[in-house]
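J.: Here's the letter readout for the chains.
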Amino acid sequence: MKRLHFYIIILLTWSMLPFIWQLYTSFCSQEALISPLRTIDNRWTLDNYLRIINADPPFWKYLLNSLVVGTSATLITLIISIPAAYSLTRLKSAFAKSMQLLLLAAALFPYVLLFLALLELARNLNLGNNLLALSIPYSALSTPLAVLLLSSAFRDIPKDLEEAAILDGLNTWQRLKWVLIPLITPSSASTAILVFVFSWNEYPIALTWISRSELITLPVAISRIAGSSVYSVPYGTYAAASVLGSIPLLLIVLIFQKQIISGLTQGAIKG
Amino acid sequence: MIFLFAPAALFLILVFVLPLIRYCWISVHALSVITNLEMIPNYGANWIRLYNDQRFWQDSFQTIRFTVTSVSLEILFAIAIALLLDQRWRGRGVVRALTILPWALPTTVMALGWRWIFNTPHGPIEQIISLLGFESINILSNPNIAWIATVIGDVWKTTPFIALILLAGLQSIPNDLYEAFRLEGGSSRQALFNITIPLLKQYLLIGILFRTAQAFGVFDLIQIMTGGGPASSTESLALYAYLNAMRFLDFGYSATIMLGSFILLVFSCLLAWLIFNQIKKIQL
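Protein chains in written order, with our numbering: chain A, 1 to 271; chain B, 272 to 555.
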């Protein structure tokens, strides 16, 4: 039992210590930053927080931007992926198998390598500097994994249920709406959360598609604080921004822990 | 039925198929500020340049080194974490949630945090080293070891992802198997290598696949933590392609680098798979 506790403490230290250091840094005054382990008089300050809250645009704007992109990307992904996943389970097995392999390949693809072509797309279709447009590549990039997760959920529904619905005279659309989609709610929820977290965190596309500072998303805003001057990075401000920026996701992880885990888990069983 | 799949197919063509075709097309053209952003066919000159580009090969080496080291360490740690989280103890749910946190937060949130932690001379690591009276290691300014700092940042962030997948695998193994093994006189260490790891194989494979592909495309972490430096020793292929497009405004060559990286990734995966199969044959 003692050894178990020891391991748990190591695990928690490893995962949490960098965060705790950020938290500590965010409350440190400029002089305190350069001598972190020595005792000095005016160590504690709220200046870092005040600076980013009073900045223009204020910090909550970035959170709002990320929320808008994340929510719309999640909705689009679900609307596109649920019918696709259903059709995959009803198509001939050879076709469905090869489709599944392609989807897996797409889900694995390091999407960073696509940024240049996507940037051209944004320029040609005039989608730059538009938050809602940003959710198009996000949902398209999330579709492969979403279809894989949802089709495995559809496959778990007993065939009899759908046959009964056909006997009752429901067409495909009604079957999906009244019978099948309610049954896959747990999987839809965990897929939605994974897509939301991806969109919330995405960096290279957000960086290249959006340049107007009142429209940038949280990850880009944080990296801009970092890059605002080359020689002296304002670590205190950055730490405060990253603490504030972490709170929404911290809440999401604590509340939706089960859904996140089951989303990842289904992904594993699928393969 | 097929029409239900059509919107998704359209999406996938838009973001996966068209870009790759477009890259093939751009990569045989000169397209940069020098050509006034006009496409001028240059018949493979980009590819010859890529072949002779030392920086491309150095970045390939760096990207592969980063991927192999990070993924191996992540697998080892993830097995340990999954085994720990699989046992029953009080507060397990909270600890599990806290463990996922590094994975769930944006890379940009901690990338600079790591730069601060490794900072010389004000970061905590250097401070502790100097308190203990050792010489400064100055990790982020030393081209030979700076990449290890980026590996630490990556391992910290993505180990929870594999750990959770492995945890799911562990929970699918029936307890009876372990009891039977114990009754036959097997030790718990033998159980680990004879039952747990073999039955986890599928989950390990999925974890390795996903992480290898992601680590190969590493971008955010490197761009913010080191900017590719010192002396471009930590620069990844994705960052090099990004710099060519956004800083040198040479889109033709940038597309060539991305295609080249993609070919390299497929080639490395095939090679790894062949080696893996060869090892399996030897064991039999």
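Don't take each hint at face value.
What the hints assert, rightly or not - The calculated DSBU-like cross-link candidates involving lysine-lysine, where the alpha carbons are at most 35 Å apart (straight line), are: (1) Lys97(A) to Lys472(B); (2) Lys552(B) to Lys159(A); (3) Lys2(A) to Lys472(B); (4) Lys258(A) to Lys552(B); (5) Lys92(A) to Lys159(A); (6) Lys551(B) to Lys177(A); (7) Lys2(A) to Lys159(A); (8) Lys97(A) to Lys159(A); (9) Lys61(A) to Lys472(B); (10) Lys97(A) to Lys258(A); (11) Lys551(B) to Lys472(B); (12) Lys472(B) to Lys159(A); (13) Lys472(B) to Lys258(A).
Simulated from the structure, these hints should not be mistaken for laboratory data. The structure presented is a predicted model; accordingly, all values stated were derived computationally and were not measured.
J.: Each hint needs a verdict: does it hold in this structure or not?
T.: Taking the hints in turn, this is what the structure says about them:
1. With a CA separation close to 22 Å, the supplied pair Lys97(A) and Lys472(B) stays within the 35 Å bound.
2. A C-alpha spacing of about 41 Å is found between Lys552(B) and Lys159(A), which places the hinted pair above 35 Å, so the restraint is violated.
3. A distance of roughly 30 Å separates the Cα atoms of Lys2(A) and Lys472(B); the hinted pair therefore holds under the 35 Å criterion.
4. Among the hinted pairs, Lys258(A) with Lys552(B) is inconsistent with the structure: their alpha-carbon atoms are about 40 Å apart, more than 35 Å.
5. For the suggested pair Lys92(A) and Lys159(A), the alpha carbons sit about 16 Å apart, so the restraint of at most 35 Å is met.
6. For the given pair, Lys551(B) sits about 48 Å from Lys177(A) by alpha-carbon distance, which is inconsistent with the 35 Å threshold.
7. At most 35 Å may separate the alpha-carbon atoms for a hinted pair to count; Lys2(A) and Lys159(A) exceed this at roughly 50 Å.
8. Only pairs whose Cα atoms come within 35 Å are accepted, and Lys97(A) paired with Lys159(A) is accepted, the gap being roughly 19 Å.
9. Taking the CA atoms of Lys61(A) and Lys472(B), the gap is near 45 Å; set against the 35 Å cutoff, the hint is violated.
10. The straight-line distance between the Cα atoms of Lys97(A) and Lys258(A) is roughly 29 Å, inside the 35 Å bound, and the hint therefore holds.
11. The hinted pair formed by Lys551(B) and Lys472(B) meets the criterion: a straight-line CA distance of about 13 Å does not exceed 35 Å.
12. Between Lys472(B) and Lys159(A), the direct Cα distance comes to roughly 31 Å. Compliance with the 35 Å bound is thereby established for this hinted pair.
13. Between Lys472(B) and Lys258(A), the direct Cα distance comes to roughly 24 Å. Compliance with the 35 Å bound is thereby established for this hinted pair.
The structure shown violates the earlier hints numbered 2, 4, 6, 7, 9.
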